[in-house]
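Student: Using the sequences and the accompanying hints, generate a full structural model.
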Amino acid sequence: MKRRFNVVSLLLLAILVLLSACSSSKNEEASSGPSGSNQPGSSSAEASQKPAKQVTLKLGLPGSYDVTSKEIVDGFIQTHPNIKVEIQEAPWGDFTSKISTQIAGNTAPDIWLQENAAILGYGKRGVAEDLSQYIERDLNAGDYIDALFAAKTPEGQVWGVPHGINPIALAYNEDVFKQAGVALPTDDWTYQDLIDNAKQLTVKDQRYGFVGSSSITTGWFPWIKQAGGSALDESLTKANFDDSATINGLSQLIAGIQDGYFTDADFVKANGGEMDTFATGKAALMFFQYSQQVAMSDKFPNANWNVVKIPKSVDGKRYVPMVTNSWLIYSKASQDAKDAAWEFLKYYLSEASQAIVAKSGSTLPVRKTALDLLQDVKTKPLNKAAFTDGIAEGGVTLDENASWSEWRLKVQQVVNEMVAGNVKVEEGAKQIQTEVQKVLDDNA
Amino acid sequence: MHKQGFWGYIFTLPFLINIVVFIAFPVGFSAYISFARWDLFNSPEWVGLQNWIRVVEGREFWIGMRNVGVFALIFVPAQTLLAFGVAFLLNQAIRGKAMWRLFYFLPVITPWLAGGVVWYWMFNYRYGVLNWLLSSAGLTSIRWVDSPHWLVVVASIAMVNVWKGMGQSMIILLAGMQNVPKEVLESSQIDGATGWKQLTKIVFPIVTPMVFLVMILSTIAAFHAFDVFLALFGSISAGIPERNVVPNLIIYRDAFLLFKMGPASAAAWLLFVIILVITLFQKYFEKRWVHYD
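In the order they appear, the protein sequences are chains A and B. Be aware that the first sequence starts at 1, since it is given in UniProt numbering, and climbs by one per residue. Be aware that the second sequence starts at 1, since it is given in UniProt numbering, and climbs by one per residue.
Hints were generated in silico from the structure; no laboratory data involved. Treat the hints with care, as some may be off.
[Stated by the list, open to error] Derived, one-sided and incomplete: chain B residues facing chain A with beta-carbon distance under 10 Å:
(1) Ala36
(2) Trp38
(3) Leu40
(4) Asn42
(5) Tyr120
(6) Tyr125
(7) Arg143
(8) Ser147
(9) Ala221
(10) Ala238
(11) Ile240
(12) Leu257
(13) Phe259
(14) Lys283
[Said to hold, decoys possible] Label-pair ranges, simulated between beta-carbon atoms:
(15) Asp94(A) x Glu45(B): 54 to 60 Å
(16) Asn443(A) x Ile220(B): 52 to 58 Å
(17) Gln54(A) x Gly5(B): 32 to 38 Å
Using N, Cα and C, we set each Cβ at its ideal position, and we do this for glycine too.
Tutor: Listed below in structure tokens is the structure:
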């Protein structure tokens, strides 16, 4: 009996020790946690008056240093000895699926980056910290291009700041143009010029004029914008797919693919993907995202190519779709961690760091002075102004709002059917209109 | 006795904790979530039957059930019959038996990623080997997994699933056939029973428990189909047409891409109930043709 009592006591003691350990770690967390103030700047201002205390910053890096420059992270670590940086890295796909579970379990990093559209959804759900007051306090908005506010809501909250901007331009394979005896494209091209030249450059089943992508950024979105249409209205609450201009834009893209002067999916797959098809001269033109230049230079260093701005739309204006990845600060992080995260963002947006971003070629910086540095970068494509001037002239996001992931999926399902010839464009557009509006209403 | 009981509980405690934490709690929680609005980030909010009504009244889940139902109707008999035939042949005294067994089992151990890529290319409309074979024989090329007809898509994917899963069923049936007493077969031979008669009157009745097991497992696998569809469609975010969806793709998309845990849980439980009913239905008819003695 006595022996059994001893064993039970021992077990109880072990459980008590375990529980007290957990509670003490929670207390420690709480003591270094939120200061109780909801003003993002306040505790940081106080902190700046006190001697710098040791803080641990958990930094999430999807795609690791293939996406974010290691030089910047190392520089931050060196210049901020009071901030201990813990890197949480994973391949992009794994990271984005992991992060939702981490958020549910309240174990997310203090700061990480993701697609801007995902950030907007996170903001709506209360996951992201509103950075508007941090920006107002510490940054001079005039030093940055408008895209600094890519994650700003109509209500004025800013759910993140750009990790980089990834616009599109029109890439052309110079060898193919020479071979076909066709004049090179210019910044003055319209989409009709693109179609006419694509027809001229096409050699049936061997070479196509243009890579007919069915994805959003380099596919259906620029095509509907150029025709004067849009996915959503300006308030981003109403679908616009039943608009005749939107339908016209979709029709032009799909006609190009089905009539055989734009590549179809089978041809692109068989040739190793869109970039390979273009680089090997099996397509003369393609919409090219800025970040693709790194892979293009690595894989096809001898390809003879360059870019011009994407063509002008029917109204003479230019719409340059751009994808932004943004840094967000986790709303449930302790105030100390939030302040450390903001320190990191200030460092990331500083002149020196933005210069590193510019040289990397993986994304466009948002600081104007860093954008100027691109003129000195001599990697292909040489005409970097096609991207930077393009953004300045008509940079647009992909009609991103908090339900973007959901409605984009609905559009993509039907566009794929249109491209395959299974659904007529008008019929498909009606279907998209109904389904997208339902998503928008459900998420209002 | 009492003392032994105490220690018994102490020793089973880790397993009980494991069962409660990793099985009972998640299952119970997902049942609760099916009646709640939950986006993974904020606290669940009770919404009653809303998620269930949304799934039941929605079109998509039933399109998924139609697809997976037809998929099961093609896949289960095809796999069972082929596996039975191959097992029967490999149970005979043939040369290179071990090699043939390995050959048929190979797809089972091939990762879906590799197998999926191979089939993805074989199905390519313009450059795939299947259409090359068809056109070489003077037949029309087929759009396989990107056909406008859902039945063609489902049948194509069922074909891949048979390729992948047949080896496992074959091994189970082969194990059953090896238990058929040799003396029974010999005496039947003396009585003049032919190969076909031996197969239908002796071998099949004896292996019916294995055939039943294979059919139950294949049915459950068919209704759980996810990886084969995903491998051949590429990715959910690339936009899988609605006519081609299966329930698990819908559940995965709603839960992990759109963070709509409520409808995803309701769909998962509805799928569970349907599989349970089908399994009970199979179990009910089991007594009529499965012989355990």
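Student: Now tell me, hint by hint, if it's right for this structure.
Tutor: Each hint tested on the structure:
| no. | hint | verdict |
| --- | --- | --- |
| 1 | Ala36 | violated, 14 Å |
| 2 | Trp38 | holds, 9 Å |
| 3 | Leu40 | holds, 4 Å |
| 4 | Asn42 | holds, 6 Å |
| 5 | Tyr120 | holds, 8 Å |
| 6 | Tyr125 | holds, 5 Å |
| 7 | Arg143 | holds, 8 Å |
| 8 | Ser147 | holds, 9 Å |
| 9 | Ala221 | violated, 24 Å |
| 10 | Ala238 | holds, 7 Å |
| 11 | Ile240 | holds, 7 Å |
| 12 | Leu257 | holds, 6 Å |
| 13 | Phe259 | holds, 6 Å |
| 14 | Lys283 | violated, 36 Å |
| 15 | Asp94(A) x Glu45(B): 54 to 60 Å | violated, 30 Å |
| 16 | Asn443(A) x Ile220(B): 52 to 58 Å | violated, 35 Å |
| 17 | Gln54(A) x Gly5(B): 32 to 38 Å | violated, 52 Å |
When each numbered hint is compared with the structure, violations occur for hints 1, 9, 14, 15, 16 and 17.
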